[in-house]
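S.K.: Residues per chain are reported as follows:
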Amino acid sequence: KNQVEQSPQSLIILEGKNCTLQCNYTVSPFSNLRWYKQDTGRGPVSLTIMTFSENTKSNGRYTATLDADTKQSSLHITASQLSDSASYICVVKAGGYNKLIFGAGTRLAVHP
Amino acid sequence: GAGVSQTPSNKVTEKGKYVELRCDPISGHTALYWYRQSLGQGPEFLIYFQGTGAADDSGLPNDRFFAVRPEGSVSTLKIQRTERGDSAVYLCASSLGQQETQYFGPGTRLLVL
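Chains L and Z, in that order, are what the protein sequence lines are.
For the first sequence, my numbering begins at 245 and goes up steadily by one.
For the second sequence, my numbering begins at 140 and goes up steadily by one.
Derived by calculation from the structure, the hints in this document are not laboratory data.
Here the structure is a predicted model, which means the values were calculated and not measured.
All the pointers check out, no bait thrown in.
On the chain Z side, residues computed to face chain L include the following (Cβ under 7 Å): (1) GLN180; (2) GLY181; (3) PRO182; (4) LEU230; (5) THR240; (6) GLY244; (7) PRO245; (8) GLY246.
Subject to a maximum C-alpha distance of 20 Å in a straight line, what follows is the list of computed EDC-like cross-link-like pairs (lysine to aspartate or glutamate): (9) LYS245(L) with ASP195(Z); (10) LYS217(Z) with GLU153(Z); (11) LYS337(L) with GLU298(L); (12) LYS337(L) with ASP196(Z); (13) LYS217(Z) with GLU159(Z); (14) LYS245(L) with GLU183(Z); (15) LYS315(L) with GLU298(L); (16) LYS245(L) with ASP196(Z); (17) LYS337(L) with GLU239(Z); (18) LYS337(L) with ASP195(Z); (19) LYS301(L) with GLU239(Z); (20) LYS261(L) with ASP328(L); (21) LYS337(L) with GLU183(Z).
All C-beta atoms, glycine included, are put in the ideal place defined by N, C-alpha and C.
Put together the whole structure using the sequences plus the hints.
M.R.: This is the structure:
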């Protein structure tokens, strides 16, 4: 069964600190992996997208990594800001399918 | 508008009633998706349209759920005989094509009392 699991479920950090969110997937065949940011009461917004051949992708203070052999991805947030408080969702697209498989998300709270 | 819009933003209804949720995709996007998101969970796929036709409706939970996109733009998700378990945020997304990035709307929060 195609699944995406994320950890931790929730995380609290102080403003200015770094953090890393994890994503493990069992999706086959793999097409690509995206990280989305979802603010409370809003729809998800794409942060990064990586295909099989890409190991890392950056978007400002967000850096995503992908290990296609171990089927793991991480999202590293550098110098966190209060506005980073949101849910971060790992999403995997299976090759040949039109629908995305979503993880449950990690709820990040950045405190001053 | 520049993004995907959904109406209403909130909907409260009673068990057994019929509801319609509307999605206006980004202009020119041929692909449109409906998802359902329960509290504390990631979105779950419901149905995907390519143009006017439903290319994949495997995520619809039962025959109380139905969606249309008659002119290949606006889509309506219809839920008959609503149940309390239908309470969730219903998200719509659109993309330029099947393989492109999906852009999400803000969602409709449905509460069935």
